[in-house]
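**Q** The chain contents come next:
Number of protein chains: 2
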Amino acid sequence: MPDGSMSFRLTILGTSSALPTSDRYPTAHVLNVHERLFLIDCGEGTQMQMRRYRIRFGKINHIFISHLHGDHFFGLYPLLSSFNLMGRKTPLHLYAPAPVEDLVSRHLSDFDIHLGFGLEIHTLGSRDCTLILNDKRVEVFSFPLRHRIPSCGFLFREKRAERNIIPGMIGKHGLTIAEIALLKRGNDIVREDGEVVSFETVTVPPPEPVSYAFCSDTAWFKELPEYVRGVDLLYHEATFGDDNEELAVKTAHSTARHAATVARDAGAKKLLIGHFSARYKSVDILEKEAREVFSATEAAREGTAYIIG
Amino acid sequence: MPDGSMSFRLTILGTSSALPTSDRYPTAHVLNVHERLFLIDCGEGTQMQMRRYRIRFGKINHIFISHLHGDHFFGLYPLLSSFNLMGRKTPLHLYAPAPVEDLVSRHLSDFDIHLGFGLEIHTLGSRDCTLILNDKRVEVFSFPLRHRIPSCGFLFREKRAERNIIPGMIGKHGLTIAEIALLKRGNDIVREDGEVVSFETVTVPPPEPVSYAFCSDTAWFKELPEYVRGVDLLYHEATFGDDNEELAVKTAHSTARHAATVARDAGAKKLLIGHFSARYKSVDILEKEAREVFSATEAAREGTAYIIG
Numbered sequence: 001m002p003d004g005s006m007s008f009r010l011t012i013l014g015t016s017s018a019l020p021t022s023d024r025y026p027t028a029h030v031l032n033v034h035e036r037l038f039l040i041d042c043g044e045g046t047q048m049q050m051r052r053y054r055i056r057f058g059k060i061n062h063i064f065i066s067h068l069h070g071d072h073f074f075g076l077y078p079l080l081s082s083f084n085l086m087g088r089k090t091p092l093h094l095y096a097p098a099p100v101e102d103l104v105s106r107h108l109s110d111f112d113i114h115l116g117f118g119l120e121i122h123t124l125g126s127r128d129c130t131l132i133l134n135d136k137r138v139e140v141f142s143f144p145l146r147h148r149i150p151s152c153g154f155l156f157r158e159k160r161a162e163r164n165i166i167p168g169m170i171g172k173h174g175l176t177i178a179e180i181a182l183l184k185r186g187n188d189i190v191r192e193d194g195e196v197v198s199f200e201t202v203t204v205p206p207p208e209p210v211s212y213a214f215c216s217d218t219a220w221f222k223e224l225p226e227y228v229r230g231v232d233l234l235y236h237e238a239t240f241g242d243d244n245e246e247l248a249v250k251t252a253h254s255t256a257r258h259a260a261t262v263a264r265d266a267g268a269k270k271l272l273i274g275h276f277s278a279r280y281k282s283v284d285i286l287e288k289e290a291r292e293v294f295s296a297t298e299a300a301r302e303g304t305a306y307i308i309g
Numbered sequence: 001m002p003d004g005s006m007s008f009r010l011t012i013l014g015t016s017s018a019l020p021t022s023d024r025y026p027t028a029h030v031l032n033v034h035e036r037l038f039l040i041d042c043g044e045g046t047q048m049q050m051r052r053y054r055i056r057f058g059k060i061n062h063i064f065i066s067h068l069h070g071d072h073f074f075g076l077y078p079l080l081s082s083f084n085l086m087g088r089k090t091p092l093h094l095y096a097p098a099p100v101e102d103l104v105s106r107h108l109s110d111f112d113i114h115l116g117f118g119l120e121i122h123t124l125g126s127r128d129c130t131l132i133l134n135d136k137r138v139e140v141f142s143f144p145l146r147h148r149i150p151s152c153g154f155l156f157r158e159k160r161a162e163r164n165i166i167p168g169m170i171g172k173h174g175l176t177i178a179e180i181a182l183l184k185r186g187n188d189i190v191r192e193d194g195e196v197v198s199f200e201t202v203t204v205p206p207p208e209p210v211s212y213a214f215c216s217d218t219a220w221f222k223e224l225p226e227y228v229r230g231v232d233l234l235y236h237e238a239t240f241g242d243d244n245e246e247l248a249v250k251t252a253h254s255t256a257r258h259a260a261t262v263a264r265d266a267g268a269k270k271l272l273i274g275h276f277s278a279r280y281k282s283v284d285i286l287e288k289e290a291r292e293v294f295s296a297t298e299a300a301r302e303g304t305a306y307i308i309g
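In the order they appear, the protein sequences are chains S and X.
For the first sequence, our numbering gives the first residue as 1, with consecutive numbering after it.
For the second sequence, our numbering gives the first residue as 1, with consecutive numbering after it.
Treat each hint with caution, since some may be false.
Under the rule of at most 25 Å between Cα atoms (straight-line distance), these lysine-lysine pairs were calculated in the DSS-like manner [stated by the list, open to error]:
{"hint": "1", "chain 1": "S", "residue 1": "K136", "chain 2": "S", "residue 2": "K172"}
{"hint": "2", "chain 1": "S", "residue 1": "K184", "chain 2": "S", "residue 2": "K136"}
{"hint": "3", "chain 1": "X", "residue 1": "K89", "chain 2": "S", "residue 2": "K250"}
{"hint": "4", "chain 1": "X", "residue 1": "K281", "chain 2": "S", "residue 2": "K59"}
Quick caveat, the hints were computed from the structure, so don't treat them as lab data.
These numbers were taken from a predicted model, which means no experiment stands behind them.
Full structure from sequences and hints, please.
**A** Take a look at the structure:
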């Protein structure tokens with residue numbers, strides 16, 4: 001297993017659309033990037049699913065909400081309340097479209113919730129791909145989706161790591177910590193006695209950085225593939241099948257075939273579909289229809305961790 | 001099994017206090033009175049628990065909310081949204097303390113929820129025992145509790161049914177439908193030929209009406225037993241044990257011992273405790289402490305149906 005796999009993985013907590021079923025919770029994803037946990041959408045029962053699938057509450061410092069419809073949002077206040085009761089002090093960053101700031105501050109007051117930690121609310125705009133978070137290991141971008149209310153997708157791009165020292169080379173060349181740091185960044189070392197240690201002989205390149213994009217809720221629109229071009233894993237809603245394409249258009253949702261078209265046109269490596277309408281007891285038909293356009297499609301399953309890269 | 005048992009039963013959907021655990025959902029009870037379902041409190045995930053325990057959504061026309069703290073309320077909007085998506089047309093009655101009307105109308109608009117059925121909101125006052133619902137089979141009363149925000153308890157009293165005709169008596173006396181109706185209401189029949197049919201010889205009394213009271217959240221206070229005097233089943237919160245009595249007082253909650261004291265002083269037949277703090281992995285100690293005061297105590301279990309009467 002190459003260094004870095006397992007370090008970018010997605011756990012699906014909910015696969016239903018607005019109406020949950022006896023075995024599908026509404027939308028919530030947890031992306032683990034080198035042990036930073038990013039929660040994406042937060043439907044009702046997200047915290048129950050987090051407990052069920054052993055997601056560590058304390059590792060979540062960033063929550064991304066695609067839009068302010070309840071099936072993507074109703075779990076947020078209970079989760080904030082639980083963070084509070086668990087004694088959280090670490091600030092939490094919340095990203096969502098307008099009017100999130102007004103809404104959340106009013107609702108917390110309505111529900112008599114007084115947070116003991118900082119809640120920093122970042123209102124997402126509706127412009128093209130925008131960098132909204134830039135940390136040591138990952139960049140997060142938001143981009144506009146087309147839904148009945150302002151709605152955003154999210155793109156998580158792992159940053160390129162430094163090169164890795166080949167085991168044994170430290171001893172063989174007597175490398176100091178300062179020299180190792182230089183070599184890992186791709187610099188050769190020239191010592192006082194003229195000895196040259198080439199970074200190419202003592203290090204190997206890091207794994208290729210990977211990426212994940214989240215698109216829900218959205219109607220199909222032609223600019224979307226551009227926002228998620230070449231992504232390793234594309235999650236795209238597929239509320240309906242071909243049998244309900246008209247309803248998809250009317251409600252500004254996608255069919256499985258629409259989702260697959262986006263994956264194909266974007267040159268995605270793999271497509272995960274979800275946000276399934278309760279009318280599909282089995283989602284095999286949605287998987288089948290998507291695969292006709294884009295074979296590397298899988299129907300999301302709750303509790304499953306998808307390793308990206 | 002006497003006529004009428006099974007016709008008044010309580011299903012517990014959640015036993016946690018504000019912080020749910022991996023095996024405890026927040027408060028929600030469903031009382032079935034002759035196939036009328038009354039939902040009492042509606043914490044996060046109530047609709048998931050309803051599906052798990054096969055509670056029929058369409059039979060709920062009345063929802064009672066004790067107070068507007070999230071762990072008793074966060075499941076309401078998702079449930080209303082699901083009713084809507086399921087095509088509900090039947091009006092729904094919602095009972096809760098102020099400012100429920102203002103809150104709910106604002107929040108539905110905030111969440112872009114447009115109900116296709118009537119939602120009739122009844123704001124509960126803080127006066128003594130008040131009749132809030134009076135239908136053919138049951139009377140429902142609200143009464144004030146003592147919590148950090150306005151909070152109500154609920155008392156459900158089955159109405160006394162008519163007497164039951166003894167099998168065989170209809171044929172024996174050639175009773176008409178009009179005569180049966182009179183006899184069931186306790187009237188003797190005197191026929192034109194002077195024959196007397198005594199209601200006592202052809203009917204038996206109905207089962208004694210039963211009652212259920214719900215008390216959560218509340219601090220202990222001396223008037224409470226009066227509101228629930230002689231109740232068949234008393235549900236009373238028991239968030240804490242003796243070890244945290246000080247915290248109970250500070251947060252306006254009850255200990256298991258407080259709950260048992262209310263049951264004893266009210267002359268309740270049976271006590272069910274719940275709303276357990278997450279700090280008690282096992283609630284055996286709470287059950288034990290309550291039983292020291294009131295032996296007919298049981299710790300509520302999710303999914304269990306308690307037959308009353």
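**Q** Work down the list of hints and note, for each, if the structure agrees.
**A** Hint check:
1. Of the supplied pair hints, the one linking K136(S) and K172(S) is violated, its CA atoms being roughly 31 Å apart against a limit of 25 Å.
2. Between K184(S) and K136(S), the direct Cα distance comes to roughly 16 Å. Compliance with the 25 Å bound is thereby established for this hinted pair.
3. Among the hinted pairs, K89(X) with K250(S) is consistent with the structure: their alpha-carbon atoms are about 22 Å apart, no more than 25 Å.
4. About 23 Å separates the Cα atoms of K281(X) and K59(S), which keeps this hinted pair within 25 Å; it holds.
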